[in-house]
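J.: Residues per chain are reported as follows:
2 protein chains.
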Amino acid sequence: MKLTILFGGASFEHEISIVSAITIKEKLASFDLSFIFCDGDHRFYLIDAKKMKSTTFSNGKHKKMSELTLTNGGFIQKSFFGSTLHTNTILNLIHGGDGEDGSIASLLDFFDIKYIGPRKEACTFSYDKRYTKYLCNALGVKSVEYEVCHKNEAANLRLSMPVIVKPASLGSSIGVSIVKDESNFDYALDTAFEYDDAVLVEPFIVGVKEYNLAGYMVGGKIHFSIVEEPQKEEFLDFEKKYMDFSRSEQASRADISEELINKLKSNFEKVYRGMFEGALIRCDFFVVHGEVLLNEINPIPGSMANYLFEDFEQVIRELSNNIPDASRVKVSYEYIDSISSAKGK
Amino acid sequence: MKLTILFGGASFEHEISIVSAITIKEKLASFDLSFIFCDGDHRFYLIDAKKMKSTTFSNGKHKKMSELTLTNGGFIQKSFFGSTLHTNTILNLIHGGDGEDGSIASLLDFFDIKYIGPRKEACTFSYDKRYTKYLCNALGVKSVEYEVCHKNEAANLRLSMPVIVKPASLGSSIGVSIVKDESNFDYALDTAFEYDDAVLVEPFIVGVKEYNLAGYMVGGKIHFSIVEEPQKEEFLDFEKKYMDFSRSEQASRADISEELINKLKSNFEKVYRGMFEGALIRCDFFVVHGEVLLNEINPIPGSMANYLFEDFEQVIRELSNNIPDASRVKVSYEYIDSISSAKGK
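Line by line, the protein sequences give chains A and B. First residue of the first sequence: 3, per my numbering; consecutive thereafter. First residue of the second sequence: 3, per my numbering; consecutive thereafter.
To be clear, the hints were calculated from the coordinates, so they are not data collected in a lab. Possibly wrong hints are sitting among the right ones.
Heads up, the list lumps identical chains together, so a pair's fine if it works in one copy or across two of them.
No farther apart than 35 Å at their CA atoms in a straight line, the calculated lysine-lysine pairs in the DSBU-like style are these [stated by the list, open to error]:
1) 63 - 332
2) 55 - 182
3) 29 - 66
4) 29 - 52
Based on the provided sequences and hints, a complete structural model is requested.
T.: Next up, the structure:
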């Protein structure tokens with residue numbers, strides 16, 4: 003099966019996307035893969051599969067490879083001898099900005115290129131954690147309570163310590179702090195404001211149980227992964243997260259009841275249906291006193307959460323065969339024509 | 003002042019956008035304007051200002067003009083003699099799909115082109131009426147109660163007649179019906195489902211007072227238009243709406259109290275701030291028993307609601323000088339470099 007991995011992007015998760023793409027290359031060994039890299043200047047390059055290692059990009063060697071430009075129907079590669087149109091289905095593996103904020107989805111939709119990944123509205127509701135809360139409230143999915151602080155405005159926090167402070171719109175753990183003592187709160191806010199003008203503050207729930215569940219839609223039915231209880235420190239720092247994006251070994255199933263698994267699946271489905279079609283997403287849940295709370299939606303999870311699926315190649319094959327229809331509206335000139343003919347022109 | 007009007011788009015409001023662009027051309031007579039047309043196939047054309055009439059497009063004459071392609075920093079025009087990069091600030095005047103759904107915003111942001119118009123998140127929350135409700139609920143702005151019906155699912159309506167039935171994601175009045183008698187409800191639903199898989203049903207409030215207010219942000223402060231009480235039939239059909247997009251005569255102020263005007267402004271500001279910066283939007287409000295309800299957000303109002311402002315050229319000048327900063331994240335290779343050096347590569 004042919005598939006093009008699109009990775010990179012001008013974001014704080016640029017490196018993570020490279021790591022993710024290298025991992026996916028290993029996991030889809032039987033596929034006929036090609037690779038398109040989006041660099042920090044929003045230029046696209048066709049990357050030789052043999053050169054898919056992280057130093058290719060950190061050393062700038064990708065700039066010697068073929069540059070591509072977006073056009074109707076695909077990415078075009080121009081050379082002295084003519085041009086080639088690359089029309090493969092794209093797997094959007096650009097984590098964070100560009101990939102998860104709706105930009106890449108809009109570009110691919112606009113240029114009529116098929117892709118696996120969240121559509122633009124789905125990006126809006128998952129990239130900014132405030133909007134994930136709006137969505138949860140509208141759908142009746144419980145999530146952790148929160149307050150929003152804005153840059154250059156006084157923060158009148160009602161929550162009591164400990165709290166977790168997060169930039170509204172970043173993935174990974176960049177700019178995130180746990181604050182146990184009020185005296186450290188302002189510093190945590192300033193750190194988060196380096197990345198976003200809006201910051202979420204949530205209660206930090208000590209010893210909370212966390213469960214991750216991934217899934218995607220096939221023919222109106224959601225195919226779920228196993229549920230994993232992530233083995234994590236109190237809190238993932240960027241370096242640990244970085245390693246997390248290169249995970250490729252099958253995870254083990256969380257030792258939880260069928261009832262809890264079904265609760266997680268039911269919450270996942272409420273969030274997914276009508277919003278995330280076309281994407282494989284991972285939802286991270288908290289369980290507090292038996293109650294399921296949605297913590298985060300990862301619309302392009304690190305290395306596509308391959309480690310949660312038994313047959314990852316089959317997963318990507320199914321996604322590839324179930325891409326949402328995005329037919330363009332046919333333009334008509336009915337009114338202009340009727341007005342012109344009335345005017346006798 | 004230089005400015006490029008971007009209009010057209012592959013949407014049901016394609017014709018309306020052409021009418022709007024022609025009106026804006028008249029209203030910005032002292033500007034140095036240029037025109038870029040996006041056709042139904044998502045091709046861009048540079049339109050000769052003298053040819054800015056509706057039949058140019060309905061007759062397909064635009065296809066003989068210069069085609070442009072998007073590139074970093076602007077639209078590029080290639081000819082036998084070389085290429086010209088068009089870098090003017092863009093006024094996004096593509097109504098409906100493409101323009102108001104976030105596609106054009108994403109494209110212009112991605113390619114680092116300055117523009118007047120709603121940013122992609124703002125589009126998500128205004129293009130789909132369901133998401134406008136989510137936003138209103140989150141911000142404490144009252145709106146009309148609603149129910150959502152989905153295609154191929156049984157509709158269990160709790161609202162009683164009369165109701166208004168609308169496709170979730172279209173502007174204008176396309177696919178909208180007022181249903182007074184239950185026996186006509188299914189037909190109205192089917193009509194709306196021709197345009198969207200999700201449909202909003204709201205109570206139709208007989209004799210409701212409607213008020214329109216436009217505004218935009220300059221240096222952290224909102225500049226408001228006058229408030230208009232639109233002179234309308236029970237309901238605008240597409241043809242009347244079409245005429246509405248060519249409005250250019252100054253509207254008259256609604257005869258309402260200062261107190262009500264301030265209530266409208268306060269609701270407008272709650273919706274605008276932190277979401278619609280960079281855009282001139284028009285909010286349409288209902289007033290029911292003295293209570294202000296947000297009916298609709300028009301993130302690219304017909305002919306930019308020029309008729310609500312006394313000095314429209316000054317409005318566009320101010321918007322042009324207050325374009326939100328969209329600086330790209332600088333990519334770093336800190337982690338890859340540190341890992342590579344640890345490996346001694």
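J.: The structure should be examined with respect to each hint, and the outcome stated for every one.
T.: Hints, one by one, checked against the model:
1. 63 - 332: The answer is between: 18 Å across copies meets 35 Å, while 43 Å in one copy does not.
2. 55 - 182: neither (40 Å within a copy, 65 Å between copies)
3. 29 - 66: For residue 29 and residue 66, the Cα distance is within 35 Å only inside one copy (27 Å; across copies 49 Å).
4. 29 - 52: So residue 29 and residue 52 pass the 35 Å test inside one copy only (15 Å; across, 57 Å).
Of the hints listed earlier, the one the structure fails to meet is number 2.
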